[in-house]
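A.B. asks: Can you build the whole structure from these sequences, using the hints too?
Protein sequences, first through last, are from chains A and B.
For the first sequence, position 160 (counting from the first letter as 1) is numbered 160 according to the UniProt record's numbering, and the numbering increases by one without interruption.
For the second sequence, position 160 (counting from the first letter as 1) is numbered 160 according to the UniProt record's numbering, and the numbering increases by one without interruption.
A couple of the hints might just be wrong.
[To be verified] A few chain A residues that face chain B, going by a derived Cβ cut-off under 7 Å, partial list only: (1) Ala41; (2) Asn175; (3) Val195; (4) Pro197; (5) Tyr201; (6) Tyr202; (7) Gly205; (8) Thr207; (9) Pro211; (10) Thr214; (11) Arg215; (12) Ile236; (13) Gln243; (14) Glu260; (15) Gly266; (16) Asn269.
Since the hints were made in silico from the structure, they are not lab data.
Idealized CB from N, CA, C, for every residue including glycine.
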Amino acid sequence: MISGLGRLFCGTLLASAALSASAFACELKIGSPAVLSGPAAQWGMALRGALEFVAKETVEEKRLVVNGETCTVSVVAIDSKYTAEGAASAMNSLAAEGIKVIVGAVGSPEVTGMKPIATRNRMVAMVNSFAKDAIGPQWPNVFHIGPGPSGWAGPIIDKGLELYKFDTVSIVAPNDQGGTDIAGVNAEIFKQKGVTPTEEYYQRGTTNFAPIVTRMLAAKPGAVDLASSPAGDAGIIVKQLRQAGFTGPIFRLGGPGTEEIGRVAGGYNVLQDFLWFEPIAMDDNTKALEEKHIALMGKPRPENADFFRWVYAARMMVKAAQAAQSVDDAQKIADAMRTLPVDDENIGAGHWIGQKFFGINQEMSYPFAIGVIQAGEQQPYVRAEAANEG
Amino acid sequence: MEGFIATGLIGISLGSQYTLLALGFTLIFGILGVVNFAHGGFYVMGGYVAYYCSAVLGLPYVVALLIALAATFVLGWLFEVLILERVIDDHQATLMVTMGFYLVLATGILVIFGAESPEFSFPISGVWRVGDVYFPYANMVVLGACLAAIVFVFWLVYRTNVGRSLRAMAEDRTVASALGMPTKILFPFAFALATGLAGLTGALVTPILALAPHVGDPVLAFSFLTVILGGLGSVTGATIAAFIVGLIEAYAAVYLGGSKGALTLFVLVLVILVIRPQGLMGKEVRRA
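C.D. replies: As structure tokens, then:
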């Protein structure tokens with residue numbers, strides 16, 4: 001009996017020792033409410049792919065050393081379903097796991113749902129979202145991975161006006177915050193450029209857009225902007241617009257996803273004349289990043305070009321943790337982030353902006369590109385400089 | 001006027017697709033008393049089988065359609081015999097089992113094919129156009145195929161001995177069994193016919209819209225809405241309701257906009273159900 005108790009005691013001691021060893025191991029856990037299902041899944045997969053890549057890169061290249069100890073990085077991605085409640089639920093699960101560092105989510109509804117939980121649980125977050133209130137002083141530790149259409153829609157519309165003649169545009173988007181915020185900003189910028197906009201909204205979950213397309217074309221627009229319609233929806237809209245006889249240029253001022261839009265629509269020859277925001281300007285440095293992804297992960301990068309922006313964001317978060325010398329003190333990491341220059345070894349340098357639009361200088365801005373398809377043929381990307389408030 | 005006609009064509013096209021989906025849904029409820037939450041899953045599966053056969057294996061689209069129909073028919077048969085039949089008398093269990101099967105189907109497709117939409121186009125392109133009235137040839141073919149399938153289902157249900165047996169079982173399962181009707185074959189057949197219709201619709205419609213693992217969610221919602229409006233278990237009611245839903249959806253979206261159109265549709269359905277809670281053609285009490 002005594003011998004049995006002794007064995008139990010020793011076992012407990014050993015287990016405790018093992019547990020404390022693992023508890024003190026240096027590990028940066030990056031949580032992510034990422035949309036992994038539904039029409040917007042392509043965006044979430046780009047986010048998750050970027051995080052997994054940066055995690056592996058950081059470990060392999062020993063990029064994160066805290067108090068002399070080389071840290072590991074792990075990623076916990078939970079499907080946020082592109083909804084506020086999905087993201088809130090994902091954030092609560094991440095908080096329950098003690099995760100303090102968040103990269104994601106992708107869309108405005110998700111970011112609206114996650115910000116209060118990030119703030120309440122003292123997390124530091126790097127989010128996307130093109131919403132008018134994506135970041136703000138009330139969420140001091142929430143950073144923004146890049147400008148929304150307010151930063152880049154103007155140069156893309158200018159390019160469209162240079163290539164095509166039109167003075168009216170029909171903007172189509174889902175009828176929730178993920179659509180209305182972006183469509184509203186786009187409409188304002190079109191107006192500034194002398195183009196009269198009309199806005200059309202649809203219920204998320206719509207599968208056949210023929211009636212909405214008929215309504216849009218009744219106004220005889222010279223151009224169409226798909227705004228932030230998810231790629232799957234946007235592909236059907238383009239297909240049905242062209243079937244209905246629309247021949248004008250189509251803008252996509254709401255995020256990348258042209259490959260999927262083209263697949264759903266039936267090819268680039270259906271897109272015909274198409275302009276979109278491409279998050280980064282592809283050059284030899286970004287191609288090197290693609291090759292590095294293949295070498296490290298054994299497969300090509302996720303298709304959606306938002307991958308690059310999330311790599312930028314995740315690397316900045318790792319740099320901030322390194323500068324703060326902490327993997328779980330969100331306040332220290334956020335403070336360190338504010339002092340870091342906006343810079344990435346592959347994507348290039350930029351600057352912090354956001355004071356003018358959001359009231360807080362926590363938005364990263366870096367060079368981007370304008371994608372153009374003319375007569376069904378993809379043209380070389382047009383490089384555009386980082387948006388600047390100064 | 002041309003816009004009005006063009007919208008009507010869109011509404012009829014939508015109505016025929018909703019009819020095919022709703023017929024399967026209402027057959028299963030009418031005969032088995034089961035609300036099949038896996039219906040959207042069979043629609044998606046039909047789309048992916050057709051895509052795999054035509055785009056990956058290079059088979060002619062018509063052959064791909066038949067394979068999609070056969071695959072969803074067989075899977076429906078197996079699901080009814082192996083899983084659903086065991087819990088058929090427990091309504092809550094049938095809800096859980098069909099919902100679970102939908103999740104398994106959708107997730108399985110997600111794992112195999114990925115979350116992104118593949119390139120799956122209808123083999124016929126081009127648009128018939130007179131002034132502002134237009135109708136894509138692909139939609140014409142799909143409309144024709146849907147109407148043919150609807151006629152076949154009506155013929156089967158109302159003009160054949162199999163149909164008479166199915167209707168007898170829908171009326172009173174116990175008496176029909178006592179009279180010697182082969183319920184062990186007819187129940188799985190009815191379920192498989194419904195899932196085959198869903199699979200056929202998926203194979204026909206996804207190339208003209210989009211194919212992705214999640215496209216079954218709205219299908220389930222619209223099938224449910226249509227069948228409730230038509231009267232649960234009523235084949236004729238489901239058909240009438242499907243065309244009403246399609247036409248209201250089209251006209252409301254064109255003349256009121258996407259958001260108000262959806263609102264109008266649901267408000268109208270609500271009003272009809274307040275006036276006739278049993279639906280357009282439903283019975284007040286279901287006896288089977």
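A.B. asks: Would you mind marking each hint as holding or not holding in the structure?
C.D. replies: Tested hints:
no., hint, result
1, Ala41, "3 Å, holds"
2, Asn175, "4 Å, holds"
3, Val195, "21 Å, violated"
4, Pro197, "15 Å, violated"
5, Tyr201, "5 Å, holds"
6, Tyr202, "3 Å, holds"
7, Gly205, "5 Å, holds"
8, Thr207, "5 Å, holds"
9, Pro211, "3 Å, holds"
10, Thr214, "5 Å, holds"
11, Arg215, "5 Å, holds"
12, Ile236, "5 Å, holds"
13, Gln243, "5 Å, holds"
14, Glu260, "6 Å, holds"
15, Gly266, "5 Å, holds"
16, Asn269, "10 Å, violated"
Hint compliance for this structure: hints 3, 4 and 16 are not met, and every other hint is.
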